[in-house]
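Participant: Listed below, chain by chain, are the residues.
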Amino acid sequence: MITVNQLSHHFILGKKKQETTLSVLQDISFQVNKGEIVTIVGKSGSGKSTLLNLISGFIRPTEGGIWINDQQVSDLTEAEFADFRLEHMGFIFQSFQLIPSMTAFQNIELPLILKGESESSRKKITLAILEKVGLTEFADHYPSELSGGQQQRVSIARALVLNPPLILADEPTGSLDSETETELLQFIKQLNQEMEITFLIITHDDEVAAIGDRTITISDGRIVEGARSQ
Amino acid sequence: MKIKDQFRFVLQNIKKNKVRTGMTILATAMGCAFLIVLASVGYGLQESIVKDTLEQQIVTEIDIYGHIEEDDNYRSLTMEDIDYLESIDNVNAVTRRNQLRQFPTFSLDDYQSETTAVAAHFPSEVDAGLELDEGRLPEKPNEVVVGYHFLDYFVQDVEDEDIYDEASGEIKDEYLYQADLIGQTLNMTVKKDLDVDGEEQTTPLTVVGILKKPTKEWVQDQNVYISGEVFAGVEAYTGTPGGELGVDGDELDSATVNAFDEVKVYATNLEAVQTIVDELDDSNYASYSVVSEMKQINMLFTIMKAGLILVGTIAILIASIGIYNTMTMAVTERAPDIGIMKAIGANPKTIKQIFLLESSYIGIVGALIGTIVAYLVSFLVNLGLPLIIEFAFQEELPEQLQFSMIPVSLVLISVGICLLVTILSGLRPAKRATQIDVLKAMRREI
Ligand SMILES: Nc1ncnc2c1ncn2[C@@H]1O[C@H](COP(=O)(O)OP(=O)(O)O)[C@@H](O)[C@H]1O
Ligand SMILES: [Mg+2]
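For the protein sequence lines, the chains are A and B, in the order given.
Be aware that the first sequence starts at 1, since it is given in our numbering, and climbs by one per residue.
Be aware that the second sequence starts at 1, since it is given in our numbering, and climbs by one per residue.
Note that these hints are calculated values from the structure, not bench results.
Below 30 Å or equal to it, Euclidean Cα-Cα: the simulated DSBU-like pairs (lysine-lysine) are:
no. : chain 1 : residue 1 : chain 2 : residue 2
1   : A       : Lys123    : B       : Lys16
2   : B       : Lys2      : A       : Lys123
3   : B       : Lys349    : B       : Lys4
4   : B       : Lys431    : A       : Lys16
Covered by chain B, per the in silico footprint, the following chain A stretches (three or more residues, Cβ under 8 Å):
no. : region
5   : 53-64
6   : 82-88
7   : 113-123
These numbers come from a predicted model, not from an experiment.
Ideal Cβ positions, reconstructed from N, Cα and C, are used throughout, including at glycine.
Take the sequences, apply the hints, and build the full model.
Facilitator: What follows is the structure in structure tokens.
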């Protein structure tokens, strides 16, 4: 599903002429198989988010390659990557990233609109997903009218709506209390089993890390454990 | 993403910022209306002046002065030229006239008039639009028709009496010929030479018709239209071309005898005039037509209109600053939303389209409102300005004078400029929207 090969990344800091480079990731290589749940753990500042952002295409690697579904995504243009994301990837963010001026329904419908689905099929799919995440009665609520757990379920519904084979999550439980966290983890497990969706989850929480079939540990920009599946 | 959905997004965004968008649309509408109204003055005056000129002339008429010879001299036209002129495409008629070069006296009982005698070719005159007020056209050499105003000067020959009305300066009715002239015999008297008591010749001519009043208000037609035979008779009598007095008879060679004084070509329609004039130019005929004159007037107005449109465009350019500003603010405000949309897979092209659509929407609605307002203002100007001017300067204006006119072409040009400018001013903000950094936007750093 995902192959990361000798990936390195550094940020350039400061103004021109007096810029310094900050090396964040060095020589990262690992694979994620289809249907796996892989968690990535590591201390704060170890480079976890940077790694996920590289895989997501939000930033481009300084060195090395990334393949998703046999497509070398690190070579795609920004526009091509956008289309690829829409088609193949779902995202769950720590801070949900819902559009505040849109209702739960409209937020979930957004990827379908971007894909160019017809209005009738959009409605059908969105209502089905709303039911799946148990938010049917909150369809017309704005994000500000929903609890954190409900908002995160909306964002999961949005990630699922186009049936992507891969979902990337950066600290998905970071903003949730432990009860909703447990609920969410169960839901992820269920999706993984029922729909064979591959998950790559970043966390610093041991309980979350435990749902992974495998855990990769990063320290100071290097993988120290779990690169290969057992 | 479908255009329909993009448009729905745009409408939602506009709804969220009604006042700001409304003000920008207002500015655009004002710019567009200003442009149209300004340029409409050029169109209106052109229309008025062209219409005025055309109404006072026969537009299909082309005067031919002569043929330009190799030595740059003009040669009078002969029958050969007439045949050629008649052969040109879309020529309806070629009239030719010769005028006696002395004024014969026409008399009937004790009434008389000294006026111009013209030999005309009636079939071509009829084709060119000559009409009779009464009677018929001449059929025999000694038959004549007279101009509409002939009778206004056909006056009793009385001595020592004041025949002029003091107030109007016209001849008093009681001295003018009042009976029916048709069927009467006029005696045409021509002189042989300049000698006052010299030899004279009198030819009896029968009046068979009176011509219609000339269409041009100021033209007075008091001519007597004689036949070519009578004309030739006068020439033979005096032995000079056109019966001219006081010149050497030897000048009466064939070149001048068979030439025409006045030749006019009539085109079948207005559109054909220019092509005929062009052909005449190619064949070295010196000609004049209203259409050629119109061409120059129109050229002048085209330059003036272009200038006015240019000035008006400045108003739209100013409005475009508003659009640029509004769109930049819209992009900044929506940066977090744009970031989220990009993150979940919105193509930069789609985002650009949405913003371009929004600025185009402002442009289109602004241009639409501006056009409606411009028509309104134009109507009011045409209605009110003449009243104001008449009131302020106590001066009557020509009736069909139109200050402002908005043809469809002006609307198309203005709306085109308006849309072009608005789309251009929306281009940079839209491009900025596509360049929004996903991570920064999601961290609310923009
Ligand atoms: N856009 C950026 N510009 C410069 N430095 C960055 C940027 N993003 C992250 N970093 C730095 O990279 C390092 C790793 O950050 P991150 O990947 O967010 O760590 P983690 O998610 O593991 O806490 C940190 O030292 C952080 O300061
Ligand atoms: Mg992080």
